[in-house]
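Asks: Those sequence lines, one after another, are chains A and B. Following my numbering, the numbering of the first sequence begins with 1 at its first residue and continues without gaps. Following my numbering, the numbering of the second sequence begins with 1 at its first residue and continues without gaps.
Simulated from the structure, these hints should not be mistaken for laboratory data. Keep in mind that a hint or two might mislead.
[As the list claims (entries may be wrong)] Here are the computed distance ranges between Cβ atoms for each label pair:
#  : chain 1 : residue 1 : chain 2 : residue 2 : range
1  : B       : L312      : A       : G201      : 55 to 65 Å
2  : A       : L141      : B       : L312      : 36 to 46 Å
3  : B       : F172      : A       : R121      : 28 to 38 Å
4  : A       : R121      : B       : S170      : 34 to 44 Å
5  : B       : L311      : A       : T106      : 37 to 47 Å
6  : B       : D217      : A       : E145      : 19 to 29 Å
7  : A       : D142      : B       : S321      : 22 to 32 Å
8  : B       : Q51       : A       : L141      : 51 to 61 Å
9  : A       : T149      : B       : H165      : 55 to 65 Å
10 : B       : S50       : A       : R125      : 46 to 56 Å
11 : B       : S321      : A       : G24       : 45 to 55 Å
Glycine included, each C-beta is placed from N, C-alpha and C at the ideal position.
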Amino acid sequence: MLLQLKQVSLSFAGNTVLHDVNFGVDSGVIHSLIGPNGAGKTSMFNVITGFYRPQAGDITLDGERIVRRKPHAVTRLGIARTFQNVRLFREMSVLENVMAGQHCRTRSGALAAVLRLPSQRAEERQILETSLECLEFVGLLDYQERLATNLSYGHQRRVEIARALATQPKLLLLDEPAAGLNTSEKHALIELIRRIRDERGVAVLLIEHDMSLVMSVSEQISVLDHGSLITEGDPQTVQNDPRVIEAYLGQDDEELAL
Amino acid sequence: MNDHSAPTTDEPKPRNLFQRLYAAFESPGRRRFLHAVIIAILIITPWVSSQYTTVILTNALLYVVLCLGLNIVVGYAGLLDLGYAAFFAVGAYTVGILTQQFGINFWAAIPFAIMAAALAGVIIGGPTLRLRSDYLAIVTLGFGEIVRFTARNLEITGGASGLSHIPEPSLFGWHIDNSIDFYYVFVVLAVLAYIASQRLFDSRLGRAWLYVRHDEDAAEAMGINRVATKLAAYIIGAIFGAVGGIFFSVNLGAISPESFSFQQSVLILLAVVLGGMGKIPGVILGAFIVVLGPELLREFGTLRLLIFAVLLLLIMLFRPSGIWPEKRS
Chain A
1 MLLQLKQVSL
11 SFAGNTVLHD
21 VNFGVDSGVI
31 HSLIGPNGAG
41 KTSMFNVITG
51 FYRPQAGDIT
61 LDGERIVRRK
71 PHAVTRLGIA
81 RTFQNVRLFR
91 EMSVLENVMA
101 GQHCRTRSGA
111 LAAVLRLPSQ
121 RAEERQILET
131 SLECLEFVGL
141 LDYQERLATN
151 LSYGHQRRVE
161 IARALATQPK
171 LLLLDEPAAG
181 LNTSEKHALI
191 ELIRRIRDER
201 GVAVLLIEHD
211 MSLVMSVSEQ
221 ISVLDHGSLI
231 TEGDPQTVQN
241 DPRVIEAYLG
251 QDDEELAL
Chain B
1 MNDHSAPTTD
11 EPKPRNLFQR
21 LYAAFESPGR
31 RRFLHAVIIA
41 ILIITPWVSS
51 QYTTVILTNA
61 LLYVVLCLGL
71 NIVVGYAGLL
81 DLGYAAFFAV
91 GAYTVGILTQ
101 QFGINFWAAI
111 PFAIMAAALA
121 GVIIGGPTLR
131 LRSDYLAIVT
141 LGFGEIVRFT
151 ARNLEITGGA
161 SGLSHIPEPS
171 LFGWHIDNSI
181 DFYYVFVVLA
191 VLAYIASQRL
201 FDSRLGRAWL
211 YVRHDEDAAE
221 AMGINRVATK
231 LAAYIIGAIF
241 GAVGGIFFSV
251 NLGAISPESF
261 SFQQSVLILL
271 AVVLGGMGKI
281 PGVILGAFIV
291 VLGPELLREF
301 GTLRLLIFAV
311 LLLLIMLFRP
321 SGIWPEKRS
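Excised from the complex, chain B in its bound form (with noise of 0.2 Å):
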């Protein structure tokens, strides 16, 4: 009953190989290192590789923004969302709209396509954040296929078929065609919502979103306003989504409703999951897992999507909380 024991009888000691690894990237000092590490081999790739490689690494850099940005609404305010991939068909459909059909520049049209994101975050967080969490998953998924059925009706989304010759941008002079260009503006976007998310994390925003999600009446009576924080979680989840949702359009030159279905909410949702909710390096981890996973399974030809399910289930099976570990015991 009566505890005096010392203050450091608890500390976490490192168990396997695994922990022991994690913890040796603890320090500040050797994770700055492993920072460059991981730039230099960002940079490096497309020179050694194919443009294959190239192509699906860019995707698996969208994904990493797409997850970070659902990783602060379901792993740090503990909102599940079902519909994430609207966010994304807002950011990409508001740049298509106005690059192609009014032909306003691309650079221009961003400003109006992160105001759309979050305005799509407060229609929907709004009227549902007072929900419990299973049936805010359900209205999100509604959400979702809400904005799909409305892109693929509308005439100014261009209807199922979508749009197509969105006209690619230019940045002082350079203009950004081709693949090895793309994945380098996709290495930025994805070092830039990698550093945002750490330092929302370490913020008094961030710390608001674990206090709302581990206790929502002891945060209402320490001063934080619930209703607000989890909308801010809503409003900037949505903006992570229409930075990918921009940058995916201009890559492609082309979107159409099925780029937005509720199977990519989904797989944006299993790589937060798998790599570990509200853990910035196991959500980046199960981003690169969720799309490079079946390529790296192709030789297994029709076989690949049920061996890499059978993986799935065995790593959620012996790490349920994520891939990634606990930081603290």
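Looking at chain A on its own, in the form it has when it is part of the complex (with noise of 0.2 Å):
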């Protein structure tokens, strides 16, 4: 297992947002957490993530524990994000957005700025090359140097995966990566989560609305309902169990017509 949480149980103000989770990703796996809106799929991420602290459990990634980790130390151990509504860094161009992924691969500080000792200069232009074949993987090679804002939403969520790329990721984790995108916009996300496994070697957890895109990219498939884990299992077993369907009836139609 890259990432284990045993017993995870989370809560706002007595709202049991997470309840008793166990809950795992194989390494280089792609592995979608579904659920009905509202179940607690985002708030497991920042849990994960170290931006909300679980009252009880515990989190390991490879056998570390990440638990009551602040963000900035979780993503150095080897998680990154992106979020359900793209936060890119708006004013900034596509390629500086990259460049904040590396921050914490390099270490460089004020000192060596100063004096552009030549360690500095060296970690500067590993910085860039980085950041550049990141860009070049999800295809935004040519839009370096636009402003974030700029970009189609398609291409501002492409940005965001760079992004979290070039933190050198063990466990890539994607909030609603589809949301907002049409077709072929799909598809060729599809495309590129299966690229992130297989030519990077990152596992993915993605959370994700979209069934048909859940089912064609996923091998393992994790359901959540009212902050609990009721099943979890291959495409097909999930598919067809009782439980998801019941899970997700009462729901609106739009997800009911998944």
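Reconstruct the complex from the two isolated chains, following the hints.
Replies: Written as structure tokens, this is what we have:
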């Protein structure tokens, strides 16, 4: 297991958001986390990445405890994420955005920068090279000079993925990566997710509402409902699990139509 | 919805005379030429102008150092600081006390002054950087006043009358004592502050300040420690302020608490905002305007501050994000 959650519980002011969740992601798999709206999927992402502190439970990455660590420390240990609403540094260039990811892999400080030490310059080159490679990987090399805010929504999502990849993670968390994308962009996204795993060996955990995307790309699916994991398995198993169908029943039509 | 426009469509196009002028100095070769011209003007000026002008320009160059320091805190890291004069005071008083009261050599006192300022940066920054920007402004304002009142009430700082007879420094037999000597010292300081600002801005730390300013959560998610990053801005800003203070104290030979008043903090902040936060040439321009403006308007007599205030208002009305334009659109 690459990522392991043991009996994780999270509540806000008495409202239970996650209840006794046991969950794991294997290295090198594409794993989806699904569930109705409000099931606690994004909260689970926030717990894993250190943005929320669970009241109980343990989380490990590659055997190392990451629970109660600050988000930046979790990222350094190898978990990168994107946000449900794209959160790029809007007034900065696409390249500068991606360079942010390299911050946790480099160490030059103020003095090295002011003196332009050779080590600092070598590091700056490394940051640039890695960032350009990540941009090329998502197919946006030509857009490096543009301001992030001037890109189309689909491209912004790709920049966010490139930025996350620039942290050189072991595990990439994608929060609804297909939201707001058109059909062709969704196909391109499926291909990108597969390439992230195949070519870079990065495990991917995604939250997604688009069931056709989830079913086609995932090797493992976990279903969350009312803060509890109700079932896990490969797409076939999950699709035919009565508990899953039940969880989605009573949801609005949009969810049912999936 | 599906925007596949060519990557070049939103390249900035020079619109007015101002922007065309600025754009002309975007290329490295031309910028180097501009730097050389400015340095040459700075070197020649004291030989062709009055002593009065030299003294005023020295003050402007001091402000360049202070404003570039505050620009790191306010412009890069986005932390509103209303008590920046405190760091200026820490630098000035540390050197004043060590040289005048303990007879320590000026150059040997500098590292202590810088360390004292860095420590002050940690003391004010450590507990407050989790605060939101407007609360931070209040706390820094209080800190500035605390430092001033402390200086006013301690014996070692000379109380309300301050310290006088701070010895002038020598460097390899060159006794730095007249106004032209100090002018050149401040030219060197301003140039160093400029280079340091530029290099910090183009570095990993400089980008981290921008990331944290734009979106703290996204920056954290990218592995950037926001508290450490902000603290670094505070400490570096404090060091710039202290360097200004160190040379300010030996230039005047005397310092008093009133040199480091709230008004001083406001003037420095005014120059940064006026020139354009985060924009180095703009901040330098702002420093010169704030110092030279009232001097150039001297012939208007008692009306000069009113006229200056109206001019500042007009500038902020027409260029709300500062005189200097954004680098890119």
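Asks: Hint by hint, note whether the structure agrees.
Replies: Okay, the hints, checked on the actual structure:
1. For L312 (chain B) paired with G201 (chain A), a C-beta distance near 58 Å keeps the hint of 55 to 65 Å intact.
2. For L141 (chain A) and L312 (chain B), the hinted distance range of 36 to 46 Å is satisfied, since their beta carbons lie about 45 Å from each other.
3. The beta-carbon spacing between F172 (chain B) and R121 (chain A), approximately 31 Å, falls within the hinted interval of 28 to 38 Å.
4. In this structure the supplied range 34 to 44 Å holds for R121 (chain A) paired with S170 (chain B), their Cβ-Cβ distance being about 36 Å.
5. Taking the beta carbon of each, L311 (chain B) and T106 (chain A) are about 45 Å apart, inside 37 to 47 Å as hinted.
6. The given range of 19 to 29 Å is respected by D217 (chain B) and E145 (chain A), whose C-beta atoms sit roughly 26 Å from each other.
7. At roughly 29 Å, the beta carbons of D142 (chain A) and S321 (chain B) sit within the given window of 22 to 32 Å.
8. Q51 (chain B) and L141 (chain A) have their C-beta atoms about 58 Å apart, which keeps the hinted 51 to 61 Å range intact.
9. In this structure the supplied range 55 to 65 Å holds for T149 (chain A) paired with H165 (chain B), their Cβ-Cβ distance being about 57 Å.
10. The hinted range of 46 to 56 Å is satisfied by S50 (chain B) and R125 (chain A), whose Cβ atoms lie roughly 49 Å apart.
11. Range check, S321 (chain B) to G24 (chain A): about 49 Å between beta-carbon atoms, so the 45 to 55 Å window is met.
In this structure, none of the earlier numbered hints is contradicted; all agree with it.
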